[in-house]
Amino acid sequence: MKKYSSITKASFRRSTTRRWQFGFLTTLAILMVGWLIPSVISFFSYIIMAPVVAISSWYEYSEATLPQYLRSRASLTDEIQQLKEESVNQTGTQLSIRRLLEENMQLRAATLTSTSSKRIVARVIAQPTKLNYDLLQIDQGTESGVVVGAPVFLGVDTVIGVVVNAAPTYAFVDLLTTAGFNATAYIVGPNVFASLEGVGGGVARVRVPQGIDLRVGNLVLLPSVSSGVYGEIVSLENVATQPEQYGYVTPPLPLKGILYVSVGRDIPPPHSESQINEAVRQAVRGYFKLDNVPESKTATSTKNEQINKQSSD
Amino acid sequence: MPYLLRVISLFFLLLAVISEWYVVAAIIFLWYLFRYTGYELVLLALILDSYYGFSNHLPIISLFSFIAWSFGLMLRPRLLLYTHNIEIVS
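Listed in order, the protein sequences are those of chains A and B. Each step along the first sequence adds one to the number in our numbering, with nothing skipped, and position 137 is 137. Each step along the second sequence adds one to the number in our numbering, with nothing skipped, and position 83 is 83.
Simulated from the structure, these hints should not be mistaken for laboratory data. Treat the hints loosely; a few may be bogus.
[Unchecked claim] Partial selection, computed: residues in chain A whose CB lies under 8 angstroms from chain B:
| # | residue |
| --- | --- |
| 1 | R19 |
| 2 | W20 |
| 3 | Q21 |
| 4 | L25 |
| 5 | L31 |
| 6 | G34 |
| 7 | I37 |
| 8 | S39 |
| 9 | F44 |
| 10 | I48 |
| 11 | M49 |
| 12 | V52 |
| 13 | V53 |
| 14 | I55 |
| 15 | Y59 |
| 16 | S62 |
If you're wondering where the values come from, they're calculated on a predicted model, not measured in any experiment. The beta-carbon is built from N, C-alpha and C at its ideal position, and this holds for glycine as well.
Use the sequences and the hints to build the structure in full.
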């Protein structure tokens, strides 16, 4: 049976005062007993606190599975979170280091080229993703000797474009992959000259008639500007009913990865047919010669072998 | 059943204080204070003070709980929807 006490607002006010007085007196009485006879309170405290202390000690010190799991879970979770953060930081650091290394290599290559062949080293400050067309913006301009029409190289002899606009402190470079850009290319493999036309988006294509054995991996040269390799064919488009077939060529580096380029100081002079043929011949022959073989290991260094033989005898 | 719930909540309050889970203890304390009368909280505080040896120092836990209980007692009529003159079951 429920115990009803019809308490209205008015009567509750009196009841609150009575309750408070009761609570105050009870507390005071227990405190007095506790001070005067501590053993009484201690006895009751011991009885009530015993199970609580037992459970608390079990959680903190027990070697059982559950308390160990509960204790170590929090610390393991924190450690996992900390390790995740460290891993993310390290990945970011590794990426930064890799990018810096790549940039360093490009700069070294560009510097070597500029000192040996008197080119202007320039940093790419805007790339096709920031510019509307297949354009690069470089940080050198007419003040540094850049002229409109000068070829732009990646590395030693890989031409990638031509300067189309030069301001005093910067210049724009039209890439060979710009839609509508035309050049003459030489395809190693079929060994034919073909028309290279830019498609846009960092891709150019060579157009050859049907019947020519065009394959993925064939090297493409631009003998009109340099004797170096522009790129290789990465994809073919060959429809049997069409009179022509296409090979798609991409630059050696992705456009976003081009950080440093070198700019020729002069507009390349027109080449005669014999000059172009000679340039192509030199480029093709050049593939069979390795530059980094030590002298002592080559057949021509008999003098060294004789000296070594004498010293061993 | 309601007494069992009260006993369990008081037990967990003691466990939380002993284990130094003060946030949990504060939540249970406040909930008990406004759910029930709260006398038991003062008694529990006295037991805790005795456990920690209050005879040598001021029983801070008891004093704090008594003040909180008094405050709760003053606040309860305002928190309960006491504007209507209806019977309430204690």
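We went through each hint and held it up to the structure:
1. R19: holds, 6 angstroms
2. W20: With Cβ-Cβ at 6 angstroms, under 8 angstroms, it holds.
3. Q21: Violated: closest Cβ of chain B sits about 11 angstroms from Q21/A, beyond 8 angstroms.
4. L25: Violated - the Cβ of L25/A stays beyond 8 angstroms from chain B, reaching only about 11 angstroms at its closest.
5. L31: Where the cut-off is 8 angstroms and the nearest Cβ of chain B is about 7 angstroms from L31/A, the hint holds.
6. G34: holds, 6 angstroms
7. I37: violated, 10 angstroms
8. S39: violated, 10 angstroms
9. F44: holds, 7 angstroms
10. I48: holds, 5 angstroms
11. M49: holds, 5 angstroms
12. V52: Holds - the Cβ of V52/A comes within 8 angstroms of chain B, reaching about 5 angstroms at its closest.
13. V53: holds, 6 angstroms
14. I55: Holds. Min distance 6 angstroms.
15. Y59: At about 7 angstroms, which falls below the 8 angstroms cut-off, the nearest Cβ of chain B leaves the hint on Y59/A intact, so it holds.
16. S62: The hint is violated - S62/A has no Cβ within 8 angstroms of chain B, the shortest such distance being about 13 angstroms.
Violation of the numbered hints given earlier is confined to hints 3, 4, 7, 8, 16; the remaining hints are satisfied by the structure.
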